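Take the two lone chains and join them into the complex the hints point to.
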Amino acid sequence: MGLFLNYSFRSILVRKLTTTLTVLGLGLVVFVFAAVLMLAHGLEETLVETGSPDNVIVVRAAASSETLSIMSRDQAGIVKTQDEIAVDAEGKPLAVSELVVLINLNKRANNDPSNIILRGTTAEAFALRPAVKLTAGVMFTPGTSEVIAGASVAGNFRGCGLGESVQFAGREWQVVGLFDAGGAGFDSELWADVEQVQQAFRRPIYSSVTARMRDATQIPVFKNRLESDPRMTVTVKNEQQFYAEQSRATATFIRVIGLVVSVIFSLGAMIGAMITMYAAVSNRTVEIGTLRAIGFSRGRVLSVFLSEAIWLSLVGGAIGIVAASLMSFVTVSTTNWDTFSELAFGFQLSPQIILGTILFSLAMGLIGGFLPAVRASRARIIESLRAE
Amino acid sequence: MTQTTMRVFKLIFKNTLRHKLRTFLTIMGIAVAIMAFGLLRTFVSAWYAGVTQAAPDRLITRSKISITFTLPLAQKEKIARIPGVEAVTFGTWFGGYYKDPKDFFAQIAFEGPESFTLYPEFIVDTAGLRAFGSERNAAIVGQATMERFGWKVGDAVQLTGMIYPGQWDFVIRGVYTGATDATDISQFLFRWDYIDQRMQQEMPARAGQVGWWVIKIDDPAKAAQISNAVDREFDNSADETLTETEAAFQQSFVAMAGTIIFSLEVISILVIGIILLVAANTMAMTARERISEYAVLKTLGFNGGHILGLVAGESLLIAMLGGGLGLLLMFPLLQGVGAALRAWFPAFPIDPMTYPLAVVSAFAVGILAALFPAWRAIRVSIVDGLRRVG
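Sequences listed follow chains A and B, in order.
Following my numbering, the numbering of the first sequence begins with 1 at its first residue and continues without gaps.
Following my numbering, the numbering of the second sequence begins with 1 at its first residue and continues without gaps.
Calculated from the structure, these hints are not laboratory results.
Computed from a prediction, not measured in an experiment: that's the story for all the values here.
Note that beta-carbon positions come from the ideal geometry of N, C-alpha and C, so glycine has one too.
It cannot be assumed that every hint is accurate.
[Unchecked claim] Anything over 10 angstroms on all C-beta distances counts as not near chain B; from chain A, calculated: (1) R108; (2) K237; (3) A244.
[To be verified] Label pairs and their calculated CB-CB ranges: (4) D193(B) to D88(A): 37 to 43 angstroms; (5) E164(A) to F253(B): 25 to 31 angstroms; (6) N224(A) to T177(B): 44 to 50 angstroms.
This is chain B alone, in the form it adopts within the complex (with noise of 0.2 angstroms):
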């Protein structure tokens, strides 16, 4: 390393330093953008946090018309006696709400205790199972919810159905937890056969119908096989299905809000917009301040280069200042706006792609950001730079 380079990074740091004020807003800029693009893109992978979470051996059967058709329980053998299929459970959405419609949480029918079995990445603890395996009325429901309405293990809820017509009263027997940060733990579940029965009295024609079908196949390489075996099997029938991996059931309710996933992902390029112009902007006006001092140095043999060094060094300084402190801060902010936004997000997890995209980003913004003023540093003549007041 030169003299003159070593002399040019001394000269990086004290002028960052000269306008403490300036630099340290400048910063707060920064990392106010890099916080907001962590954050956007945080929206956008808790949607996806279903997918990625899919286990690649369930298969998910629904009726072809639409999710909102039931299929009959008779399905469940002829499933079964499919090569390949391992087990068969059934999930049924049930549509209601606690005390006020606003406050939505998924709650979901189940077969029964051997559900579990399916989800794995649903931790019951064992007292828990056993209630709802003896007790019609047993729910077991994701940690979120109980704190969110500050529920707890015993108590006695009531749920106003809406696809189920009337009060409906369940008995907390458990509670799960994720075995992953992106787990959807929202979810109350509780016995199919509790609604059956009361369908099978008021409104017969719909009892013994449920909302999909789980699968769990030996092998996930033969997915799209089993897939097809299954639909075929209920071909021109009253009830056609259409099964899909998980990860593409799941896929098909993330394409449903596509245009605002869309929008998130405009607004977090729009983000890296504002860090540009905070940080363009303090550099234009630090370039032009000191037109006559960069004179001075190209008097003192400085050449363009090192002017350029001199330029860029401090544009890239404050911006990864400002990149890393928005990282810091990234953390407490996801944390208190997915505890906000739990109500529409069950599961909040930072996509481990928003660090490097991040710091990227703040050195692209930093090397941008010195781009005009160091050219008009650079162009400047001489005697124009020492000519200049003020």
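Bound conformation, chain A alone (with noise of 0.2 angstroms):
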């Protein structure tokens, strides 16, 4: 078996232009497809990293996002006072009432209008999300129109670096503060003090309240007893499901073109895999009859020229694979569908990622090696061999 690798390994050395063509060709289509699993993949982590497995997050009935969600302050104060929810060590709970809105503020690179998340919150947001630290400046002052922007906010829009100011509901905000969220949603949010919000844009509502649970086994409990009181409408979620749900529709949207645009690519490395193991049958035709003369059997012919597609398509797919991984240094921002604001995200490569393009880019070798290598299989010993 080390033999025949090895034959159809050198065989695919021995023609160097054709072989290097082709398996570039492989590893284009490889890297496309790894790249935009890659995308939905960062765009899914990202959104299942905002949230923290520990809390939950109450809205409105129905409301699939904070933006789309309403709720009172009598409700608001009903969800903080269950005895599920964890105190800190004033024994306040560890619960924080947020309105949530979207404001439309300009990008730095191209001056195009985006949508972003702007959350009024207070000092208890850093308590339950351990994740969001302040990495420059200083914490907004309630009572004044200060606020803090995450990373990549700070980066993309034009007014929210350190030290700028940014208008917007008849108000100027100072950014006195930078946070990092390490990659999560909050990176794309601008913070402000939840009371200032509330009156910049005459809302005196909340959008949702996230808690920390005692423990989280008692979700089911706290859920049923908030979401069948007739005082509340609302639902309860696990926070991380719940942003992790807000990937859905971009998610699966990068994904069906990506797939569709792929499995079209591929189809056009196959058939330059197959031309190419075409030429690859013909030119050895004598060594093929030579080989069946000394005793190889139809199958172990098939077998060598399908191996060398194979390695064909592995040396593509590695090429491939690589230079998709080195997209995971790039990120992205755009507007993520299901909350319609932007999001910045990253290409991740996951272990099922990697799986994934391997099988894909041998079933491209499987596909596009097979006929030529029933082709060889079948040639005739004798007429081979008389072959000039």
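Structure (structure tokens):
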């Protein structure tokens, strides 16, 4: 078997230009395939990381994002007094009532307008979301028009850098601090004092209440009680699940487009591999005849040529994956259609993607190499040997 | 045309048919790539469908904060008084779903049947419009959405509201079709007073609010001036506005997906790279096998130019055949994909620039694929070429 693999591997090295072109074609397809899956995965991971498994979020019934949700002050108050909520050292519940609105700001790069999330919150937000750290400047002072900006908003939007100021809702807001959420969705938000946001936008309401549970196993009890409370009409969800669901439409969209494109691309690459393999078979007619004459079975010849095609596809696949993995250094920022707001996320590789990509390139090699290998295996010994 | 040139042409045809299978596969490979190129460009133009279809005499006024903030109904009269404004109506985003939240389609509350006069590209029958005027829960639905959910005129449908909570019952009273291929025929249009009535009872703070104003102006050249006048009217009020042409308004949605569009454009260039690799592979193989032939031709008096013509001609012939086949197959492909992706792209129009670009790309691929093999064929000395075996 080792001899066979070696033989077929060395065979592909003989025709350097043709092999290079075929491998590059396969590599290009694999690159697109892997990059698209990485992008969709990166989006999902970003939103999964946004939520914490110990937290619950309470929003109005049927609201799939916080901007669609409205809760009265009374309702928010009821949520915060539930027994299942953990308390801090001073005995205050670890819960935060927030007002989330979408504001339209212009990007630094091209001045294009885009929606970003402004989160009216309080200092408890940091206790509930330990991944979020203030990296520069200071926290906003309650009662003032000060905001702190997430890492990607600060970099991507005009007026959102430290020390700059940004105009919305009829006020000038000073950016006094920057925070980093380690790549989670919060990096794409501006945070300000919730009372100030309520005043400036004339919305004396909340969008959501996020709370830390004493014990995650109590979530179902907490959920049942609140959801059946006639005063409430709310939905209670695990925070991680709530944000993860917000990747649904955009991630599906990226995958569908990407897979349609990859499948069509792969037809081109498979045809390329097929051309190469047919040429390999016809160039080596005498060789095939010799192999058959010294006793190699048709099946053996078939597998030799098939494994040659597989070598091509594996080398192409490896090049594609390596090139795609370089994309993990790239962060993109685009509108997430589930929330209608700008979200920064990166290309992320996962073991499943690597496995899927290898299988994909193997399939291309197998399909592209099958017919040529069949032709090789069916060669008649005498005629092959007689060929010039 | 000299006799030698004639012979070169004849040789090109004969050569093309020598490896029938290889030529056929190469043509198929190029055809597939050209189809992919057309598909990607159509994805991109589908995003821009709203921009290219925007009427030049329509302005859209939204809240300055963002489109998710509503505007008070009382602004209507003030806008109507601004010089140059011919008609004002409004739309409100409903944001609901039918049965499954994943099946997205746009639902927009209109002021009434008169709103349709500002949208001449929506073609509705008069019976449907009359019912829209007389029944509060009437809906007029785009043909694409009717087909997607298998609805018929007269059907009662219930939507679940995400922005306006609760269950909402509608009766479909009409279907609208589009004036052109690129018209969005996926919208679900119904009467605003239906939601407003419930808001008055259940959430008085949200009553009397509309999503955006649609303004018809008398002269597209005055769009900037009238936009400014509208926004000045509400400056420093509780509800500041931002007015822009419909094209600019639509463009702002396209810009939100800028990264995705950019990647599609990059990929559509990569696909040309794939065609190039497939075609160059074939030509490299062919030229390699025929090195000794080229030497023979040279002995017979064919010069380097002829050899170049021979290789490039074959390459071009194959590339153009592949390109032509790809363009032919593109139509059924785009129709199929358009139907499958209707949820995301209400309109899936083919950008007319796709055809010339595809032809030019196929031509360029034909030339580029021949360059290196032709160079090798020309460079080889007669002796070396003849000495070569196989």
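Hints and how they fare:
no. : hint                                   : in the structure
1   : R108                                   : holds (13 angstroms)
2   : K237                                   : holds (14 angstroms)
3   : A244                                   : holds (15 angstroms)
4   : D193(B) to D88(A): 37 to 43 angstroms  : violated (49 angstroms)
5   : E164(A) to F253(B): 25 to 31 angstroms : holds (26 angstroms)
6   : N224(A) to T177(B): 44 to 50 angstroms : holds (48 angstroms)
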